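Colleague: The residues making up each chain are set out below.
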Amino acid sequence: MSNTILKVKNLTKNFYTASGVLSAVSNISFEIKTGETLGVVGESGCGKSTLGRAILRLHEPTSGEIYFDGTNITKLPPAEMKQLRNKMQIIFQDPYESLNPRMSVSQAIAAPLLIQKRYKSSQKHEINQKVLEMMDLVGLARRLVNSYPHELDGGRRQRIGIARALVLNPKFIVCDEPVSALDVSIQAQILNLMQDLQEQFGLTYMFITHDLSVVKHLSNKILVMYLGQMVELGTPSQIFENPLHPYTQALLSAIPVPDPNIPMKRVALTGEITSPINIGEGCRFAKRCLYAKEECSNVSPEIKKIEPGHLVMCHLFS
Amino acid sequence: MSKAIENKANGQNKARSAWSEIIRRFKKSKPALFGLMFILFLVLVSLVTIVLDISNPEIYNNYVIKQNLRNKLDPPSWQHPFGCDEFGRDILFRVIWGTRYSLFIGLISIMIALFLGGTFGAIAGYYGKHVDNIIMRIMDVFLAIPSMVMAVAVVAALGTSTSNLLLAIAIPQAPRLARIVRASVMTVKDKEYIEATRALGASNATIIVKYVLPNAMAPIIVQASLSVGTAILNIAGLSFLGIGVQPPTPEWGSILSSARTYMRDAWHISVIPGLVIMITVLSLNLAGDGLRDAMDPKLKN
Chain A
1 MSNTILKVKN
11 LTKNFYTASG
21 VLSAVSNISF
31 EIKTGETLGV
41 VGESGCGKST
51 LGRAILRLHE
61 PTSGEIYFDG
71 TNITKLPPAE
81 MKQLRNKMQI
91 IFQDPYESLN
101 PRMSVSQAIA
111 APLLIQKRYK
121 SSQKHEINQK
131 VLEMMDLVGL
141 ARRLVNSYPH
151 ELDGGRRQRI
161 GIARALVLNP
171 KFIVCDEPVS
181 ALDVSIQAQI
191 LNLMQDLQEQ
201 FGLTYMFITH
211 DLSVVKHLSN
221 KILVMYLGQM
231 VELGTPSQIF
241 ENPLHPYTQA
251 LLSAIPVPDP
261 NIPMKRVALT
271 GEITSPINIG
281 EGCRFAKRCL
291 YAKEECSNVS
301 PEIKKIEPGH
311 LVMCHLFS
Chain B
1 MSKAIENKAN
11 GQNKARSAWS
21 EIIRRFKKSK
31 PALFGLMFIL
41 FLVLVSLVTI
51 VLDISNPEIY
61 NNYVIKQNLR
71 NKLDPPSWQH
81 PFGCDEFGRD
91 ILFRVIWGTR
101 YSLFIGLISI
111 MIALFLGGTF
121 GAIAGYYGKH
131 VDNIIMRIMD
141 VFLAIPSMVM
151 AVAVVAALGT
161 STSNLLLAIA
171 IPQAPRLARI
181 VRASVMTVKD
191 KEYIEATRAL
201 GASNATIIVK
211 YVLPNAMAPI
221 IVQASLSVGT
231 AILNIAGLSF
241 LGIGVQPPTP
251 EWGSILSSAR
261 TYMRDAWHIS
271 VIPGLVIMIT
281 VLSLNLAGDG
291 LRDAMDPKLK
301 N
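Heads up: the sequence lines are chains A and B, in that order. All letters in the first sequence, in the order written, are residues 1 to 318 by my numbering. All letters in the second sequence, in the order written, are residues 1 to 301 by my numbering.
Only chain A is shown next, with the shape it has when bound in the complex (with noise of 0.2 Å):
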């Protein structure tokens, strides 16, 4: 228990559109492990952003509890909610967008400094040795701490970015897909940087993305999101070896087999994806999966433990 560091349980997140609630997040938990990574996949539009901002309380949840280092965080006032950003931090996808146009390299690493009230303003000479250092670790060169992030390419935005979460040394990082903006070439970049960082500084990664083939390599447990819901959560060979939930097979026949001579045998899905404003009872995946019986259009599915660690929320295993 000591060395759970995020606990989320039932978490949901609604937003109230004008043609009606549409649910995000629904119902999710989990935990991680310091030091572990948690990858979060699912397509786009599922909720997994929405799951990652409300973790770090960008969106305030609807219900649900988020345990943070023991502490409930769910409903704590603005003045801890702040001391606590110095140990949860994110990382945003678009390193075009997520910068501030006006702000160098260096005020862009020295603002959480400055926010966070690490150094007043006048202690020039100390925010400036601690920008130059995050630029060392993140391997940005020095000559461009004056740059602004427009002359700059998607992969050292990114490293900026990567900066500005680190320098306030935080434990918990939330990464929401940091490598999908990214040329394949630097994203391998990025994901070695990011590699080395959690190993040096023992961080935990919340690690969100769409591309299976990233989270299997870095995380230690899958968690398989659809429509807001947990559809499947296991550790990667679970997860790849012995995918339970039609959708997560539908995924993984998805990834691409780098041999011509294997055939592809792929679980095609048909129909769209559900609109998720005023979804009604029954499995969300139940108009695009293969195996639908009636059941699974008017019940909910449970959670089901099939083994050890490897949840999946199916009619199938019921």
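One side of the interface only, derived from the structure: several residues of chain A facing chain B at Cβ under 10 Å: (1) Leu58; (2) Leu84; (3) Gln93; (4) Met103; (5) Arg164.
Partial selection, computed: residues in chain B whose CB lies under 7 Å from chain A: (6) Glu192; (7) Tyr193; (8) Glu195; (9) Ala196; (10) Leu200; (11) Ala202; (12) Pro214; (13) Pro297.
What the hints contain is simulated information worked out from the structure, not anything from laboratory work. This structure is a prediction, so every number in the text was calculated from the model and none was measured. For each residue, glycine too, the CB sits at the ideal point set by N, CA and C.
Starting from the known structure of chain A, fit chain B onto it as the hints suggest.
Modeller: Just chain B, lined up with the frame of chain A:
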């Protein structure tokens, strides 16, 4: 010195302060520089006339407001380069002495309007929902009243004085600026870098002032510099109704509006103050444009 060497050793770009950077970029734009120079020239002119009024009031009495009906409606000549008005007063003198009223009332009233409108607009745009609805519906009520009627109402309620005149000009402009600020803030507040700042623990006030407004500045600067022209013309309108700058005080707008009657016989009375207002507004626009570009690091070189 040692720091410069250290920077050089690390191969860093030279660190420049934000303001010196803005000034350097501003200087590169010739039109903006012209605009700024002209405004500074007008400021200088008004300061000189203020000093002259204190040291030698006779100039004001004998040349600016003294009627001389023998010169009535004289066209431009060597003696009176801008011609004379319907009371035979030299228009050049009146335009020079009128600078301070038009320029300062215009500038200061827009600053007041920008402060009022900017505050409400930024709050409405940032918080959205009910706050936005309440603030913007009140602004809509203000917008529904024609600006001249509102200005007259303000002066009628508070009495004729320069400070009330400033308010009378500023209050009708405030909702217009509030709309621009709100729209501009709304486009910026959902950007990921604002969310990143929130994740760092910054307060809403810090986010609005330090992160949202600088990025929302461009349309605000342009609108504000355009509004100064409207403000100068509004002063003229109020003066025409007898509740603005009181005659015989020379103010550009009032010279212009009194010239209306003599447009057929003496074009110069309306054209010359009109041109001066136009060039002033143009200069403010050019300077505003230049400032907007200079503050945008993306247009660095």
